[in-house]
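Build out the structure end to end from the sequences listed, making use of the hints.
Protein sequences, first through last, are from chains A and B. Under the working numbering, the very last position in the first sequence is 139; numbers go up by exactly one each time. Under the working numbering, the very last position in the second sequence is 250; numbers go up by exactly one each time.
Simulated from the structure, these hints should not be mistaken for lab results. What you were told as hints is all true, and nothing was included just to trick you.
These stretches of chain A come out as covered by chain B in the derived footprint (C-beta under 8 Å, 3 or more residues):
(1) 44–57
(2) 65–76
(3) 86–96
(4) 100–114
All of these numbers come straight from a predicted model, not from anything done at the bench. Note that the Cβ used here is the ideal one computed from N, Cα and C, for glycine as well.
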Amino acid sequence: MFSLSCTPETCYEDTEAYLKASFYPDGTEVIHAPDSVTIYGLNLESDKFYNKVKQIQTVYLPLDASRDTCKYIIRINGVTDTLELIYSRYPHLVSKECGYTYYYNINADPIHTFNAIKGIYISNSNITTIDEENIHIFY
Amino acid sequence: MRRIFIFFTSLLLILSGTIDQVQAQDTLLIPLKIKVGLEASGPAIYVSDKNILNTEGYIAADLNEKVAGVIGAGYLSYKYSQYNYEYLNKGIFVKAGADFNLLKPEKSLGKYWAGIGLRYGISVFNSEIPSFKHENAWGTRISSVENMRDWGHFIEVSPGVRAEIFRNISIGWTVNIRKLLFLGTGKDLRPVYFPGYGNGSKSFSTGLSYFLVWNIPFKKIKVITKPEVPEESDDTLEPSTNQQTIGSNQ
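What follows is the structure, given as structure tokens:
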């Protein structure tokens, strides 16, 4: 059996499983973008994921594949909070061309401060490369 | 007396028509064979690429001039590496099914095959990911997944051709289209490549096989290639019509 492959093996799929977090005004079920959002990982201030981004409804946050927890600094409309995510991780084959990535499963309620953030709701605990919302951030 | 003469003459005409019909059938003696095939491209590829060794063989037995039952088996040793991971797979597979010759017997003569093969395949293998690298804003993590034993099964459709080039020796090729039925690995650690099937990250896989086949004739069967038909039925009607006409004239 000889399987032919005439094209170079180029990766076209998404290879990073991001936490997909959407913003909701407290007490509502309607997604609504804050005026300004800044987010970075703890000790990663120089490499911010979002820096004073306006009118963004959903943010995509990478997770630390070397640990079962990671902390984010989230500044919503100039007010700063910390958000700690606790999860398990497992390898997943994306494709022969792209290789492996990590998928995650949120194991516990996220721990956060209550300055701008009023609450967190987990809508889908499985974090994959599929574009599905994982948590609601009420502010 | 005249009536008896006419009756026997008519009967003779009817019988002669029937005899003509039997004589008009064409028959052929077709040899039924046991075939032992070896896939040739796998070892040839291994000569130039030591990362993949695929060997496959089969035994087929003609059930009649059109259909052969087939059972085959093979072995795969596969290594793959690219910039962000390495992968190993070793295992065996078994396939069983049938080959259908679409050529008419007068064309195939027991020597030529152009048709389609249908197979069910099952594979047992050990796979390992010695290393894979994951990078994002948090940093780089290099990890591995140790040896896992798993299985999978699939179906295969293989159209192709085969021809006897020397006495009892054939060569041929098939295009293989496979549909994955189930993998025991679960959806996250699907095999990059596994025996008998190919790329396990896809639901379908394709390939080409080149076979060298040793044919062992074991029986000859008589195959009717021209079963005579419509015009004979006209012949059989004519005498009886004549008989009625003659009878009515009496």
